[in-house]
Structure formats: C-alpha cells, structure tokens
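Protein sequence lines, in the order shown, are assigned to chains U and H. The numbering used here puts the first sequence at residues 5 to 373. The numbering used here puts the second sequence at residues 215 to 560.
The hints are simulated quantities; they were obtained by calculation from the structure and are not laboratory data. Note that this is a predicted model, so its numbers are computed, not measured. Treat the hints with care, as some may be off.
[Claimed, not checked] Subject to a maximum C-alpha distance of 16 Å in a straight line, what follows is the list of computed EDC-like cross-link-like pairs (lysine to aspartate or glutamate):
no., chain 1, residue 1, chain 2, residue 2
1, H, 250, H, 261
2, U, 12, U, 280
3, H, 250, U, 269
4, H, 250, U, 270
5, U, 327, U, 128
6, H, 231, H, 399
7, H, 231, H, 416
8, H, 250, U, 271
9, U, 154, U, 247
10, U, 205, H, 248
11, H, 500, H, 534
12, U, 205, H, 266
13, H, 216, H, 397
14, H, 231, H, 261
15, U, 48, U, 316
As a plain string of letters, each chain reads:
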Amino acid sequence: MNHGELLKMGEYNHLSIEGCSPDIIRCLYRFMLRLRRCQEALIKEYYPADEMRCPVHFCIGQEASPAALSLLLSQSDYLLSHHRCHGYYLAKGGSMNALFAEIYGRATGANGGIAGSQDISVHDLNFFSGAILSGSVAIAVGVALGFQTKALRSVAVTAFGDGATDQGIFWEAINYAVLRRLPLVFVCENNRYSTYAPLSKRQGKENISERVQSFGMNVKTVFGNDVALLYSVFSNAIEEAREGRGPCFIEAFTYRWNAHVGPGEDDYLGYRSVAEREFWKKNCPIALLEKQMVGQNLMDSKIKEKMIVEIDQEIATAFQFAKESPFPHLKEWSQLNYNIDTPQADRLLETIDSSFFDQNQKEAMPGPY
Amino acid sequence: MKSFMTFRESLSLAVAKEMEADPSVFVFGLDVPDHKRIFGSTKGLVEKFGLERCFGTPLSEDAMTGVALGAALSGLRPIHVHIRVDFMMLAMNQIVNMISNLRYMSGGKLTIPLVIRAVIGRGWGQSAQHSKSLQSFFAHIPGLKVVMPTTPQDAYSLLRTSIRDDNPVIFLEHRWLYDVEGEVDERKTIPLGNATVRRQGDAVTVVATSWMNVEALKAAEVLERRGIQLEVVDVRSITPLDEETIIQSVKKTRRCIVADYDWAFCGFSAELASLIHHRCFNDLKKPVERLGFAPVPCPTTRPLENLFYPSAVHIIRIVEQMLGLEKTDLSGESFYSYEHNFKGPF
Ligand SMILES: Cc1ncc(C[n+]2csc(CCOP(=O)(O)OP(=O)(O)O)c2C)c(N)n1
Numbered sequence: 005m006n007h008g009e010l011l012k013m014g015e016y017n018h019l020s021i022e023g024c025s026p027d028i029i030r031c032l033y034r035f036m037l038r039l040r041r042c043q044e045a046l047i048k049e050y051y052p053a054d055e056m057r058c059p060v061h062f063c064i065g066q067e068a069s070p071a072a073l074s075l076l077l078s079q080s081d082y083l084l085s086h087h088r089c090h091g092y093y094l095a096k097g098g099s100m101n102a103l104f105a106e107i108y109g110r111a112t113g114a115n116g117g118i119a120g121s122q123d124i125s126v127h128d129l130n131f132f133s134g135a136i137l138s139g140s141v142a143i144a145v146g147v148a149l150g151f152q153t154k155a156l157r158s159v160a161v162t163a164f165g166d167g168a169t170d171q172g173i174f175w176e177a178i179n180y181a182v183l184r185r186l187p188l189v190f191v192c193e194n195n196r197y198s199t200y201a202p203l204s205k206r207q208g209k210e211n212i213s214e215r216v217q218s219f220g221m222n223v224k225t226v227f228g229n230d231v232a233l234l235y236s237v238f239s240n241a242i243e244e245a246r247e248g249r250g251p252c253f254i255e256a257f258t259y260r261w262n263a264h265v266g267p268g269e270d271d272y273l274g275y276r277s278v279a280e281r282e283f284w285k286k287n288c289p290i291a292l293l294e295k296q297m298v299g300q301n302l303m304d305s306k307i308k309e310k311m312i313v314e315i316d317q318e319i320a321t322a323f324q325f326a327k328e329s330p331f332p333h334l335k336e337w338s339q340l341n342y343n344i345d346t347p348q349a350d351r352l353l354e355t356i357d358s359s360f361f362d363q364n365q366k367e368a369m370p371g372p373y
Numbered sequence: 215m216k217s218f219m220t221f222r223e224s225l226s227l228a229v230a231k232e233m234e235a236d237p238s239v240f241v242f243g244l245d246v247p248d249h250k251r252i253f254g255s256t257k258g259l260v261e262k263f264g265l266e267r268c269f270g271t272p273l274s275e276d277a278m279t280g281v282a283l284g285a286a287l288s289g290l291r292p293i294h295v296h297i298r299v300d301f302m303m304l305a306m307n308q309i310v311n312m313i314s315n316l317r318y319m320s321g322g323k324l325t326i327p328l329v330i331r332a333v334i335g336r337g338w339g340q341s342a343q344h345s346k347s348l349q350s351f352f353a354h355i356p357g358l359k360v361v362m363p364t365t366p367q368d369a370y371s372l373l374r375t376s377i378r379d380d381n382p383v384i385f386l387e388h389r390w391l392y393d394v395e396g397e398v399d400e401r402k403t404i405p406l407g408n409a410t411v412r413r414q415g416d417a418v419t420v421v422a423t424s425w426m427n428v429e430a431l432k433a434a435e436v437l438e439r440r441g442i443q444l445e446v447v448d449v450r451s452i453t454p455l456d457e458e459t460i461i462q463s464v465k466k467t468r469r470c471i472v473a474d475y476d477w478a479f480c481g482f483s484a485e486l487a488s489l490i491h492h493r494c495f496n497d498l499k500k501p502v503e504r505l506g507f508a509p510v511p512c513p514t515t516r517p518l519e520n521l522f523y524p525s526a527v528h529i530i531r532i533v534e535q536m537l538g539l540e541k542t543d544l545s546g547e548s549f550y551s552y553e554h555n556f557k558g559p560f
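If we strip away everything but chain U, and leave its shape as in the complex, we get (with noise of 0.2 Å):
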C-alpha cells in the first residue's frame, strides 16, 4: 500500500462494523467526533483571541488512530506520541480542561502551562509528546523493556508520522525492540507529508513497512481512516505484545486536512493536489464510520444531536475553565529547578528580578511590564 495506490481506489467502502460491538462503535465515533469538535473550536478561536500562544499541530483526519487506541490501552500502559498529539493525548483519558488550559498558558493546563500544545503530558496517565521528532520513538523502547524487566504486563504505545522514519533512531529502535522482543506497539500515521515534502521526496522507496518488516518485525499495513479495521489491529498487536510475543509495527495511511502547523490551511502553497485532498475528504474517517451506522441502525440524527450537544457542553466548559484559569503564579518560579544538586543554578535563579511579573498578562501590548 502506498499513497498514490490509494488515490486510485476512489472510495473506500471495506470499513465493516461486523467484528465490533455497538457499544465499541459507538465510543468510536463519539471519540472521533469529539476530537474533531474540539479541534474545530480550538482552530475558531486560536486567531481571534490570541490567547493560545504556541504552535499548535492540529489533527483533523486523523482521528482514527487515537480512537481506536482509546478503547485499548489501560492507566497502566504508556502512550508515548509527537507534536501532533492532542488525540493521544485524549485517547489516554487527559481531560479537555487541562488540555486547553495548557494550550492557554494556565496554572491548571497538563503540565502547568509550562509544556505548550506540542510537549504535553499528564504523568498520572503515562502519556507523554514531545517536539522533536522521532524522539519519543528510543524512549518508548526503553518503558517497554522495563516492563518486560519487571515482567508486568503493561505495554509501551509509540505513535509518530512517516517524518520520524526518516531518521536513524527510528531503525535503531525497531532493532532493538524486535532483538529484544519487547511489549511494544509502534503506530505510524503516515499521512504522506513532512511540512511540505512528500515521502517520496524524503525516502528512495515508499515501503517503510517492508523495510522495518525486514527487520523481523510483524508489520500490518492499514488504511487508517478504517476505525473499526484499527481498532481490531491496534487489539491484536496490543494483546500480541501484552502476552510477551514481541513488538509490531502498523502503518496507517491517512491525511491531515489543516496546515502542518497552526489552525489555517496550506494548500494554497499548491504541494498537494486537489484530486489528494479530494479523496481524503471524502474519505473522512467519521463520515466512514458514521454511514455504516446508519446502515445498521446504531446512528441517526437524533442521536448525532444528542452528542453533538454533549460534547459542545464540553468544549465551552473547557474553553471557560482555560480562559478562567490563572496563569502560573510567581511562587512556582524559584521552585522551577528541581535539581537539587546545582545549588549555583539555583543561586541563578533567585539572581531574576522578577518585581515587573504580572500574573494577569492578557494583553501582550505594550510590554507587560
């Protein structure tokens, strides 16, 4: 499977709810379909206010993965995801609250404000981003191998996009995990692009599976728009690996629908085609899953309302408890370096005159001295 094969394809009509319970499916969907709101509003809201200030990567036609992963993974089990992670970030239970409140800068935000959109994590949950790219890849290898040393059954979670192929550590990983068949899961959503290059500007082949295939990893090639096909991958590997039989690799073929950065769109700069998009939207993982429903009965308006009303209760109460929400307080500052052994670093610290802080900045201009 690659990209341009699936252009070809036109419609996708192999999604099967069979193998699912309703139950499933409908946490599917509503999972997709949160994600995708709360995108949509963070994106209505990131220009105007100004509030949100850091890059955000924005995953609208990316749900599925994160979905399907949702309903898989325990507390215990980590999830180790990139700079496009409010999904992962969901899909290991964070709350919406804390999620804008970071995004907002906020004393009540994951991590304080502190992190940003791109490096969030909730250390209760096991779930962690990162902005550098392939970085959290090595990482996840390593939780996986402490669970195999302390023979737990917990499994290591990694998800990335074909960027993070590009690099040596990916390859280095993949060997390590399959030389020591670790309980790990690599996800890679490959949505084709780079920022603006395409795999086949990046990479001489377009077979990243075959290639880390031939590593003696089990592999499975998706399209990853499927939810319910993920969701039934993403079990196998998850329960594969949970019962000590070694890593795997799944590449999911999906799109991103936004700009690589930022809540505007790109495709003005003409790197993608129109027929690309075209077939990507049309394909939407959603609207996928959600006509299947219908064809059985489990969705229709009434209950898409239901739900919509819901989660829009949600996202406003979330956008309220970030915009309400203090940002850190000063106090917190001199506690910032908790490495106790650099008593100097610490006598730096206190050196910051720190009189002109204003803990009510809201505005950026002028200066908020």
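Could you slot chain H with the ligand onto chain U? The hints should help.
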C-alpha cells in the same frame, strides 16, 4: 553598493554572492527550498541556482551533517541550515567528534570549509525543545568557530566571511532579528573575531550577544533619560573572540554586565567574566554581572517565558543596582515581545 534591507534578505544575498563567486558553494537542509524558505532567509536561491545547489533533505540531521563534512572533504563548500538549533543536537556526534577534529588531526593539511546556520532563541511559546541558543556549548569545542550577527550588515558580511573560512563555522541567527532592517554595504567585509561598539557610553559596559544587543540598546535608551550612558559592545563572534575591544571598553567604564543570550551557568558569560576580571582587576569598581537564560528548560507560558529570557528590564535593574540608583519607573514603557517586535534600523 549600499542598500536598505532586512536581516533575512541580507542572509540570502550573502549566500547568493558566494554561490555566484564560487561554484563549489551550495546550501541544503530541512525546509531550505520550501515555501517558507527558513523565515525567508534562503529566498531566491533555488530559482537562481537550481535544486542542485539549493536542496531540502530528509529528516536526518545526524547523517546530513556527516554528508556536509564529506562534501567539504571532497572540495565543496557546504552551508547546512537548521530551522532550530535544537535539531542540531541530533548531529552532535558529527559536529563534536568529526567536524571539529579533522583539521587538527591532519596537521592542518585538510580544510573543512563548512558553515552550519541555525535559528536560535525565542519565538512564540516555543517551549523547551524549540527555543535554545547554545553558543556556549559550541564554543566550548576547540576547532569550531561560532558567529552571532545582530544587524543586517553583520549578517551579510560575517556570513560571507564564514563561507570563505576554511574552518567549520557555526552561524547562529536569532529569529526575532529577521525583521530588522538596516543599511548593507555589499562590499564591506568583516573578519571573524572582531567585536564592535554599538553605542558609546561611560557608565557601564554591556557586552551583548545577538538579540541581547537589541535589549541592551533599549535599556540604554531608557537609562539615558536619567542621564546614564551605557556602552554596548556587540561580541559578534564568540570564537574567535575579540578580547581587546571588550577590555578597552571595560577599562573605560570600569563596570560591566555580560548579557549573553544563553544559559549562564558554565556559559560564555562566565568565560567573559573570568577574562574581564583577570585583565581589568584593578580597573573594576564592581564585580562583573552576568545575565542569561534562567537555569531551567524554557517554559511555554508567557509569564514564565518572560522571566526565562533576559530582557532590557533585567539590564536596567542590574545597572541600577551597580550604580546604587532608585528603580526607574517603567510603567508605560513598551518593551519587545513577539507581537511588539523590533524592526530597526540600528
Ligand atoms: C529532529 C527534528 N527535526 C525537524 C523537526 C521539525 N519538524 C517538526 S514537525 C515536522 C514534520 C513531521 O512530519 P511527520 O513526522 O510525518 O508528522 P506530521 O507532521 O505529518 O504529523 C518537522 C520536519 C523536528 N521537530 N525535529
């Protein structure tokens, strides 16, 4: 020929001039020929020189740095560009173990004409992994030259000099400087290891790197209203270092703040403070003060980010302490921020 241009334009002009003059010069790196052209600093190059001499790469910083070294060994003059200095960390093996050593190991027979350009510093809530500067880190390694321009003229002239240098040069550009405008004399050459006095004064010398020059000049403007004249010395190149210009200034003012755009602990500011104490021991009226990033990873949220990065306010407060003055009332004063940026000219 003199013309008025932005910092970003001066960089692409410098590269274009060198590429015209020498067919072995080429520029490459992640996003180099893409639509945004590294904040516009590689604009026009692919149109002029084609994809053979101006190209993008896979996300493979480590390998591509080795590629740059190999290309330099085979007689080319590569310019490798990183849109964040943080991404250069993936290539530290090549930089610290290979690139910095080879000329020395060969007894000077080999030349390593290689420039690595990297964007540093504060953006807009960039967090801990997209916000560093790290000149101290690079300057610590023998065999590397480290250059930090502040004005369009310096960016232009120092980049040309760096490309012509037969040693590896790390060229660090603060992203808030790209908008800065100024006059550029295309024929003006500036050697590496040549600091400059940006502003004359007699009260305190502020030795500044990169963006800290903008902050220091702002601090000088505020303090001037109280009759206090700061002298601002722009270091321009960390290695080689122009000790004399700095020492002369400190001998004159007898007070010094090193305002370095990097972490202070074990940093370039410590190096300079040591040098100045050593050479100006009897001239100094106060110990040298240092200013740098707070000793933590960079926080995203604006209130903490404002404390993390040193600013004109920090400089003003230190000057007041050094001179035993009351605090200046800064209300109504507007300082630089992402939204309220500095355009120059200097
Ligand atoms: C080591 C490193 N190099 C470069 C970057 C800059 N960068 C951030 S996101 C990105 C594109 C990543 O593409 P991909 O991994 O496919 O994920 P996607 O953005 O498509 O979800 C790049 C190049 C980075 N974050 N880290």
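Inset, instruction - Kindly indicate which numbered hints from before are broken by the structure, ordering the numbers from low to high. - result: Those not satisfied are hints 5 and 7.
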